[in-house]
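Turn these sequences into a full structure, and let the hints steer you where they fit.
Chain order of the listed sequences is A and B. Note that the working numbering has the first sequence beginning at 3, numbered continuously upward. Note that the working numbering has the second sequence beginning at 3, numbered continuously upward.
You can trust all of the hints, since none of them are fake.
Once the Cα atoms are required to be at most 25 Å apart in a straight line, the calculated DSS-like pairs of lysine-lysine come out as:
#: 1; chain 1: B; residue 1: Lys42; chain 2: B; residue 2: Lys27
#: 2; chain 1: A; residue 1: Lys81; chain 2: A; residue 2: Lys27
#: 3; chain 1: B; residue 1: Lys616; chain 2: A; residue 2: Lys319
#: 4; chain 1: A; residue 1: Lys616; chain 2: B; residue 2: Lys616
#: 5; chain 1: A; residue 1: Lys319; chain 2: B; residue 2: Lys262
#: 6; chain 1: A; residue 1: Lys233; chain 2: A; residue 2: Lys296
#: 7; chain 1: A; residue 1: Lys481; chain 2: A; residue 2: Lys703
#: 8; chain 1: A; residue 1: Lys616; chain 2: B; residue 2: Lys654
#: 9; chain 1: A; residue 1: Lys325; chain 2: B; residue 2: Lys262
#: 10; chain 1: A; residue 1: Lys481; chain 2: A; residue 2: Lys672
#: 11; chain 1: B; residue 1: Lys122; chain 2: B; residue 2: Lys14
#: 12; chain 1: A; residue 1: Lys319; chain 2: B; residue 2: Lys597
#: 13; chain 1: A; residue 1: Lys156; chain 2: A; residue 2: Lys400
#: 14; chain 1: B; residue 1: Lys262; chain 2: A; residue 2: Lys616
#: 15; chain 1: B; residue 1: Lys319; chain 2: A; residue 2: Lys319
#: 16; chain 1: A; residue 1: Lys449; chain 2: A; residue 2: Lys232
#: 17; chain 1: B; residue 1: Lys319; chain 2: A; residue 2: Lys262
#: 18; chain 1: B; residue 1: Lys319; chain 2: A; residue 2: Lys597
#: 19; chain 1: B; residue 1: Lys59; chain 2: B; residue 2: Lys93
#: 20; chain 1: B; residue 1: Lys597; chain 2: B; residue 2: Lys704
#: 21; chain 1: A; residue 1: Lys262; chain 2: B; residue 2: Lys616
#: 22; chain 1: A; residue 1: Lys654; chain 2: B; residue 2: Lys616
#: 23; chain 1: B; residue 1: Lys481; chain 2: B; residue 2: Lys703
#: 24; chain 1: A; residue 1: Lys616; chain 2: B; residue 2: Lys319
In case anyone wonders, no lab produced these hints; they're calculated from the structure.
2 protein chains.
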Amino acid sequence: MDPILTGLLKPKSIAIIGASTNPTKIGYKVVLNLIESQYKGGIYPVNPSATEILGLKCYPTVNDIPYVVDAAVITVPAKGVLEVTKQCGEKGVKGLIIITSGFGEVGDVELEREIVRVAKSYGMRVLGPNIVGTLSNSDHMNASFAPFLPLPGKASLVSQSGALLIAMDAATYTRRVGFDKMISIGNMSDVDFAELIRYLSEDPDTSCITLYVEGLHDGREFINAARACKKPIIMLKAGVSEHGAAAAASHTGSLAGAAKVYSAAIEQAGITQATDLNDLFDSTLALSLQPTMKGDNLLILTNGGGVGVLATDAAEKYGLPLKFAPPEVQEEMKKHMPDFGSAKNPVDMTGMAGNDWYYETTKSAFAHPWVDGLVVLYCQTAITNPAEIAEAIHRGIKDAGVTDKPVTISFVGGEECDNAMEWLVERGLPAYNAPDLAVKSIINLRKQQQISEINNNGSYNPGKIDSEKARAIIAVARKAGRDALTEIEAKQVFKCYGLPVTATDLATSEEEAVELAEKIGFPIVMKIVSADILHKSDAGGVKVNIKNTDQVREAYRTILENARNYKPDALIEGVAVQEMAPWATEVIIGSINDKTFGPTVMFGLGGIFVEVLKDVVFRVAPISVEEAMRMQNEIRSAAILDGTRGELPRDKAALAKALAAYAYMVDDLKDEVAESDANPVILYETGKGVKVVDARIILTKK
Amino acid sequence: MDPILTGLLKPKSIAIIGASTNPTKIGYKVVLNLIESQYKGGIYPVNPSATEILGLKCYPTVNDIPYVVDAAVITVPAKGVLEVTKQCGEKGVKGLIIITSGFGEVGDVELEREIVRVAKSYGMRVLGPNIVGTLSNSDHMNASFAPFLPLPGKASLVSQSGALLIAMDAATYTRRVGFDKMISIGNMSDVDFAELIRYLSEDPDTSCITLYVEGLHDGREFINAARACKKPIIMLKAGVSEHGAAAAASHTGSLAGAAKVYSAAIEQAGITQATDLNDLFDSTLALSLQPTMKGDNLLILTNGGGVGVLATDAAEKYGLPLKFAPPEVQEEMKKHMPDFGSAKNPVDMTGMAGNDWYYETTKSAFAHPWVDGLVVLYCQTAITNPAEIAEAIHRGIKDAGVTDKPVTISFVGGEECDNAMEWLVERGLPAYNAPDLAVKSIINLRKQQQISEINNNGSYNPGKIDSEKARAIIAVARKAGRDALTEIEAKQVFKCYGLPVTATDLATSEEEAVELAEKIGFPIVMKIVSADILHKSDAGGVKVNIKNTDQVREAYRTILENARNYKPDALIEGVAVQEMAPWATEVIIGSINDKTFGPTVMFGLGGIFVEVLKDVVFRVAPISVEEAMRMQNEIRSAAILDGTRGELPRDKAALAKALAAYAYMVDDLKDEVAESDANPVILYETGKGVKVVDARIILTKK
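This is the structure we're talking about:
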């Protein structure tokens, strides 16, 4: 672990610059919180106009402290922070925790940047500014103005909203979801989410990472950090109703809202996306306390048919439908229920279930090798005591002698149930007040296992690429003052990255057209090439199904004539002579250069599917071939690719390679390509590949 | 209100038949519960072997009670219930609350039916059997073995699961969601959901009806009762993962899972569908306490940007995106926040917001005529007291002097927040622990208003129908031993209900074919008609685009020859001569006869949309034309109907009428038609109508 970052987040001593004797000031509150959290390191208040604060010696400046200072919490007004930063640098402080606000968030980005520049020149790192501070149970450290350390636990929170962090801090006690660390990240002028993910990934006191994110600066670095992290990450992304406001020049651009790209990136990064604040807590509870679920066999125990049915519904809803338990499991379960109970799955012991049955079924079900994960449900009855049921379940789990599979629990009832669930959670068993939450949580643990099994190297090199040639083609267009390539140029660029484009070449004379047509082979398509004529068909500039040289000559003349009539002053480069690809399934591949995540590819079926249903998926480039295959399976119309209405299955393998090559291309050319479309791409039956029929590249503004 | 039902649910006196002196018995528990709930009516324990129970005189039989008995709670074993029922009948009891289990739920349906038959012969009504009993706060009556009355409130619960009712009863206290009545409905041998909806709809102590449903006996009666009810109804349907197992003979049949039809029916009935148990409580809270929201202008007040953004996301997610507040509202809000606050919407007073600002913004926002609904958010801070903020909000709402618009609240934080929210709920203000829940709840109140505005008469008479002719056509097919109509017959039936079918007639000779073709007008289509040849095209039995009489003759001969070669022993009725409808947008209309809801119609776009995307919607028949219009707007591909890719908008008005007429038909013929399809139906541009090109009717088994 980076020693500087450790100095910032796990400091052995802390200076509070702007410490105050006034109890209403944050500079007082931070000193008090450090004392009250029983911080074991040095606490050094700094304030030129005080000699003592809360019984601690106060220093005029950080340089007057006669000890090593690892971290400095800064609470002085914004205008004084730069000076203080310099002093800390001179003192040899490792990290600054800048609580002070009034920087980037109110538009003053420059001052913030200058502070980071100065800090870095001294080798210091900056957390903030505009934050609450940072809290850690394992370090007994409340270096913040949040009133107390959170309920201890194994998850660690990083929050971009300070207000929410304070509220969540208090909520840990009522919701019984514990955290080891809570880190306020504020304006992220230096230390960002990616870096904290990498740090917490190595932190022995953190078993799972919980994020509240409003926006990222560097989306790709975030994805890389998340992918490299071996611990579960749960993220609540706020601001999904934000609209991608920029006008879009390509199909792909118009379909890619910021929220969609974020969602794709979160998925791609192997992060569990929380739907709301309660889900953030609920998911954290199970992912921080339980091991992942290694297989698909989920067993549900219950004493109530109603909650059993609700749990069954939830299993289907969240993508892990129940299977019937095998006979030997059913046989064992049957021993602990009345005749009218059901041992299938859910195992319904009926309302007659007491402590012993709960103990026995829990123990034998959890121990059984068929069971990959167990959900135990309890519906409060008049004849049982929730505390005793909880104790029986806990003992059953322990006595099963199994530790590598997960269990989640739900008790539905009143206060006694709440208390019993609190008792269970304290013993590492996640318990929820509704059956669907227990099921959703264990399915999150199943998904976490699947995430860990995915080869997320995220890249594919199509081989034999000619990046230089592609850049030369782009340079020609730029030199001509164009912000887009012609179709011929775009196809040439595609070809440099191994994409199978229809053979296309430019003819500037009738003879040349005939020559090219004979080289390509009939039938061919001919199209006008002119940057001034965008709607080629409207201009009478497209002729298809040309079968012989006579037709080539005639088409050449007609296209030129039509184009001149359509727009007399158009600068005409010539006529494109193209291979005519036989028709099959139409798909669209495209890319945008997202402001957060950079080059991002899109895939969907063509025509109505993209235009009306907007049935498209995104991935941040580059991607692996496996990821490209997953994209194909993710669209709602995926069944079409597998062959419907009597058609043979489509060549998904070839399409996956093309998609991955495309992603490689837009990533490689990210400084040049703003948006692009391959539309349509014709997708043939298995073994027969794909063909890019039309191509478009819009260049970045330079 | 029905006096008999009132006697059952609001009895002036209760006999407990099977009352016991043994505290572990339900018969003891019910007597105890009636006493402890301070029931004011007569409590008469009945047990031949006891003289006194819990200080109350005990009678050998119900007939020995010297007073009027309104209701009898029955807890004797199953085998004794019939005898007791007779005795109650003789005594003149109005209603039986049969707690005893061991009837239909374990397969003994006959005994259950006999009991109801006997009860009805005496004019008695039956609740149960296999129930917990019934509880009512306004009647101080706990006539159940659930341990106590629920937290008082304005909602009433009807639950098909007794276990869940007991658990929910306890949970009302921890979740602070109050109920007036909790009614266990069990096997629904007599009194069912529909009847209780009608009863509670008139109950002055119930403001909203909450249902937990596993299955309905009579779905249509349920829909009718819900539609007639002027109070909000919230329903959690358990068992949505249940599969429609019956083999389906039609397209529609294969697409209509039980869960889909349930969902359609719930929507159609104007019921708020809860997604899970927590949602059932959350939705009940707001719908039972607050008025509906009359317009779309939702304003959000907050002290934290984070929760404000989460609330904004939720508003979009649940279908009521925020608008910017008008200048005069912003101006007023600006007075109560620092310069860096935002008055747009959400109105962000920032973390500096204290009691006064909350009071002022709440009061003026709630009073402003632009605001149709208000959500007040609070994120716990170190400088505010949640109890005081709650008090300020409550005072602001009161002082606004407005009572016909809703407000919901969310506090995020720890125990003090929970306590403050409890205080708010006690004062009729729904408060939730996460911002999205407050937003979802107020949007439920908006939807409730929209439900009340929908004209739900649910029927459409296409006029000039010829039901008799339709039945005669069906009778012919039945007489011939067929379980399906031919295409010609099906179209004739469709025509009897005003559906625009392509002109189709049967030719049994070449001459007749020519005659029919000339009558219909060229071009025409000709098809083999034989119950033995299902795949007409495969048999060479279809010829299209026939343009003159010569071609008719040739087609007639070829079709017959092909058919004979294809299946020499086929019984051939002749050749259908049909109008050839010009091609346009293909849609599908169909019906099934659902076992719960009866005749149910389906609508979707044809081809890939129905086969791959399964983009179809259902409604229980009959439906109004307005409802048929909503069906068209509900499919995911709805945009296609409005014209895409340069096409003119489709004739949705004509399609709506056709759909409603179709629904009328399948409802009218529900004893005859099991499933049907009109597939394809060709839908033309506005003003040009629709045409049913192919038709299929499968008859009910008789």
